[in-house]
Amino acid sequence: MVRLSLSCLLLLAGIVAAATSPDQTCGGSNAYTCPGSQCCSQYSWCGTTDAHCGTGCQSKFGKCTTSSSSSGSGSSGSGSTSTNGKVSSDGTCGGTAGYTCKGSSFGTCCSQWGYCGNTDAHCLNSCQSKFGDCSSVTNGGKTVSQDGTCGGTGGNTCRGSNFGDCCSQWGYCGSSTDHCSTGCQSSFGTCSSSSSGGGAAASSSAAQPASTGAKTSPDNTCGGSNDYTCPSGLCW
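Using mature numbering (1 follows the signal peptide of the UniProt record, and there is no 0), the letters of the sequence shown correspond one by one to residues -18 to -1, 1 to 218.
Source of the hints: derived by calculation from the structure; they are not laboratory data.
Please note that the accuracy of each hint is not assured.
What the hints assert, rightly or not - Keeping only pairs whose Cα atoms sit at most 30 Å apart, straight-line, the calculated DSSO-like set for lysine-lysine is:
no., residue 1, residue 2
1, K68, K112
2, K84, K124
3, K68, K42
4, K84, K112
Stated by the list, open to error - Restraint ranges, calculated between C-beta atoms of paired labels, are given here:
no., residue 1, residue 2, range
5, G18, G165, 42 to 52 Å
6, G38, D209, 27 to 37 Å
7, G134, S71, 44 to 54 Å
8, D209, S41, 22 to 32 Å
9, G205, D102, 41 to 51 Å
Predicted, not measured: the structure shown is a model, and the values here were computed from it.
Each residue gets a CB set at the ideal place from its N, CA and C atoms; glycine is no exception.
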């Protein structure tokens, strides 16, 4: 009987001791709590913006304090307070914490939802200029790719991007032969393959990549027989 009640107590203790979220989700069936001073929003996501810490915030799984501290009267469009100058370490920006995306590894633009990134969704509509950059870079009238994609409906150019200047037939930026030769989209980047040593046939390189060093993926696939690596900032 004593053993039974002891095991019950241990079971209850295990249930009560909520685990810290490993993936920025909170509450729900896993009952994760948010790390540090982050808030658990009504949609069960961890963060530090007003959307996380205000209406519907779940105090069981994180903090729920929205402070309209510093006398900032009008913030442009998202109820954001002033920046505290700290670079975001968790991908969130603005809000009560006031993190900035400038200098972060997540991207330099702070979206209207309080997340750092480099896409048009982050850098254009209702982007929070107090907490990062809000200008879409252009080259030749086209927007320079911020996420490694090019052409298509977005019409981004690779020229001047951090991923490579060539736009592959699959719509991804890079500088390998697969990006810059067959099917390369010259409207959205350069298409002169810089294969030093003037090697001729690189047509089959997509099927049989050189064994010396992995190549950046031209079609957003990675690993496998081609052993492609993902463009910087992209994971699959």
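Here is what the structure says about each hint:
1. K68 x K112: holds (12 Å)
2. K84 x K124: Distance of about 23 Å is within 30 Å: holds.
3. K68 x K42: Holds: K68 and K42 sit about 27 Å apart, inside 30 Å.
4. K84 x K112: The given pair, whose Cα atoms are some 10 Å apart, holds under the 30 Å limit.
5. G18 x G165: 42 to 52 Å: holds (47 Å)
6. G38 x D209: 27 to 37 Å: violated (46 Å)
7. G134 x S71: 44 to 54 Å: violated (33 Å)
8. D209 x S41: 22 to 32 Å: violated (48 Å)
9. G205 x D102: 41 to 51 Å: At 29 Å between Cβs, range violated.
When each numbered hint is compared with the structure, violations occur for hints 6, 7, 8, 9.
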